[in-house]
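Asks: Below, each chain spelled out in residue letters.
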Amino acid sequence: MKGIFIINSEKKELEFEPHKRLLDVLRENGYTEVKEGCREGECGACVVLLDGRPVNSCQVLAASVMEREITTSKGIGSLHNPHPIQEAFAEAGAVQCGFCTPGMVVSTYALLSENPTPDDEDIKYALSGNICRCTGYVKIIKAVKLASKKVKENGK
Amino acid sequence: MEGLIPESLNEALDALSKERFIPVAGGTDLMVRYKRWKNLTPALPYPPLFISQLKELKGIYRENGEIIIKSATELSEIEKSPLVPSILRKAVSQMASPGIRNMGTIGGNIQNASPAGDTLPPLYVLDARVVLLSKNERRCLYIYEFIKGPGKTERLDNEIIYEVRFKIPTHTHEFYRKVGTRKANALSKLSVAALAQLNEEVLEDFRISFGAVAPTPIRRMEIEERIRGKALSKLDDHLIDEIAHAYEKHINPITDQRSDKTYRKKVTLRLLKAFLYQIRSR
Chain A
1 MKGIFIINSE KKELEFEPHK RLLDVLRENG YTEVKEGCRE GECGACVVLL DGRPVNSCQV
61 LAASVMEREI TTSKGIGSLH NPHPIQEAFA EAGAVQCGFC TPGMVVSTYA LLSENPTPDD
121 EDIKYALSGN ICRCTGYVKI IKAVKLASKK VKENGK
Chain B
1 MEGLIPESLN EALDALSKER FIPVAGGTDL MVRYKRWKNL TPALPYPPLF ISQLKELKGI
61 YRENGEIIIK SATELSEIEK SPLVPSILRK AVSQMASPGI RNMGTIGGNI QNASPAGDTL
121 PPLYVLDARV VLLSKNERRC LYIYEFIKGP GKTERLDNEI IYEVRFKIPT HTHEFYRKVG
181 TRKANALSKL SVAALAQLNE EVLEDFRISF GAVAPTPIRR MEIEERIRGK ALSKLDDHLI
241 DEIAHAYEKH INPITDQRSD KTYRKKVTLR LLKAFLYQIR SR
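Protein sequences, first through last, are from chains A and B. Numbering follows the working numbering, with no gaps: position 128 of the first sequence is 128. Numbering follows the working numbering, with no gaps: position 216 of the second sequence is 216.
Take these hints with a grain of salt, some might be off.
[Said to hold, decoys possible] Mimicking DSS-like on lysine-lysine, the simulated pairs with C-alpha atoms at most 27 Å apart in a straight line are:
{"id": "1", "chain 1": "B", "residue 1": "K35", "chain 2": "A", "residue 2": "K2"}
{"id": "2", "chain 1": "B", "residue 1": "K183", "chain 2": "A", "residue 2": "K124"}
{"id": "3", "chain 1": "A", "residue 1": "K2", "chain 2": "B", "residue 2": "K183"}
{"id": "4", "chain 1": "B", "residue 1": "K183", "chain 2": "A", "residue 2": "K20"}
{"id": "5", "chain 1": "B", "residue 1": "K55", "chain 2": "A", "residue 2": "K12"}
[Said to hold, decoys possible] Sample of chain B residues with no beta-carbon within 12 Å of chain A, all distances over it, derived:
{"id": "6", "residue": "T41"}
{"id": "7", "residue": "Q53"}
{"id": "8", "residue": "P82"}
{"id": "9", "residue": "R129"}
Since the hints were derived computationally from the structure, they do not count as laboratory data. These figures come from a predicted structure and were not determined experimentally. In this text, a Cβ means the ideal position worked out from N, Cα and C, and glycines have one as well.
Next comes chain A alone, as it looks inside the complex (with noise of 0.2 Å):
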C-alpha cells in the first residue's frame, strides 16, 4: 500500500507492506538512525516523536499513523548543523557506543519542549523508556542538564 507521511518536516509518499512496523518503513526508507534494539518496547532505541510525543516506533503499525508527523533524530539536528542537545550529548561524554543516542535525544527533545528546566527526578521519568548499557546514565543526566542550559542561551 501507499502511505503519505510528514517525516522531519518533509512530506513523503511511502510504499510499504500493510502490516509493516513504523520502524522497519522508516529503516527501509533511509532513516537508519533509528535503532532497533529490543523489538518490544523495552528499550527505546526506536523511539521517534509522533506528533512531538516520543512513541516507540518497533510498536506502532505504519499503517496507522499516515498523514501524522514523525521526527527522529537527524529532523532535530544534523551533523553539519546539530541541535544543542546533540552537542550537549557529545560534550557531555553521554555518547559511547551510540546506539542509545537517537532514541535518548528525541526523548530529551520532547522533556526540553515541555519542561525547559527539568531537574534529575524530571529527567529520569521522561528517559525512563530508554535504555544505555554503557554509561551508567550519570553522564546522560549531565548531557541533559547541559542541553537545557545551551537551549536557554540559543533561544531555540
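Chain A is already provided as a structure; the job is to place chain B on it using the hints.
Replies: For chain B alone, kept in the frame of chain A given last:
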C-alpha cells in the same frame, strides 16, 4: 488481511458486524504479543481495525457526577488530566514508559485483561463500568463482570469498547502501590489500590483491590461489607489481623519469571495492613 482504517465509529461498527477484525488502538500490547523475527510483520490473527484515529473514542469528560474516559484515550492523557481521580492517575503514571503511555490506551489495557494490568485495580475500586457498542446494541458492564480471566473479557467479536465511566469518588483515604523490579517498564509483581471514607470516626466506605495475585484482580465485596460502618475505635490490631486473614484465602498468586507466590502473598497482605494502619492513624 490488509485491515481497515474507518473514518467514523459507525463505519467501524458496521465493518465489525460483517467481518472479524482485531481492533487496534495503541497496539502496544498487540505488537508485542504477535511480533515475529526482525523485518517480518506481526502475525495478527485477524485483519486490524484501526480505531485510534476515531474522535468518538477520544477524550475525558465529566457528566452528572461521573467521569467518562473514552476507550482510545492514551494513558499519557489520563496521567495529565485533572478530571481523573488521583488513584487512577498514580497507577497510570507508573505504567511502562513515556513512549508506551503515549500510544497505549485505557481500552487496550482493559481488553488485554492481563492479571497484571495496572489500570484494573483502580478501576475495580472505582466501581467502573465498561460501555460496549456493536452495530445494534449498547451494553454496560461493571469492570469486574467484564474481566473474565487472563486475556479473556466479555467483549464479543462485533463489539468495540466505547468508554469507561465511574462516579467521582468521595474518599478521605487513598492508597496505591505497585511493586515491580524497577520503577519504569516493569510489569507488576503485584499492586494494591484502595479507597476509604472516614466520617466522624466511622469507616463509612472501604474498597480494596489487588492486582497480579490471581487470574483476575481481586475485589471481595463481602469482606468490605463487614468493614463498612465500623467505628474507628474498633479498628484494633485484632480486627486488622482478622481482615488480613479474610483476604488471605483469596490471594492466590503464582510463581513466574517476575516474582514468586510466597513473596507476592506476603507483600500483598502487608500492604493491606499498611492501608488499615494509615486509616487508623487519622
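Asks: Does each hint hold? Answer for all of them.
Replies: Quick rundown of the hints versus the structure:
Distance hint between K35(B) and K2(A) is fulfilled; the C-alpha atoms sit about 23 Å from each other, no more than 27 Å. Taking the CA atoms of K183(B) and K124(A), the gap is near 10 Å; set against the 27 Å cutoff, the hint holds. Straight-line distance between C-alpha atoms of K2(A) and K183(B) comes to about 40 Å, which puts the hinted pair past the 27 Å bound. At roughly 31 Å between alpha-carbon atoms, K183(B) and K20(A) are farther apart than 27 Å, so this suggested pair is violated.
Pair hint K55(B) plus K12(A) holds up; C-alpha atoms about 25 Å apart against a cutoff of 27 Å. The beta carbon of T41(B) is not kept farther than 12 Å from every beta carbon of chain A, the shortest such distance being approximately 4 Å. For Q53(B), the condition that its CB be more than 12 Å from all CB atoms of chain A is violated, with the nearest at approximately 7 Å. With a closest Cβ-Cβ approach of about 16 Å to chain A, P82(B) is found to remain outside the 12 Å limit, as its non-interface label requires.
No beta-carbon of chain A comes within 12 Å of the beta-carbon of R129(B); the shortest separation is about 28 Å.
Violation of the numbered hints given earlier is confined to hints 3, 4, 6 and 7; the remaining hints are satisfied by the structure.
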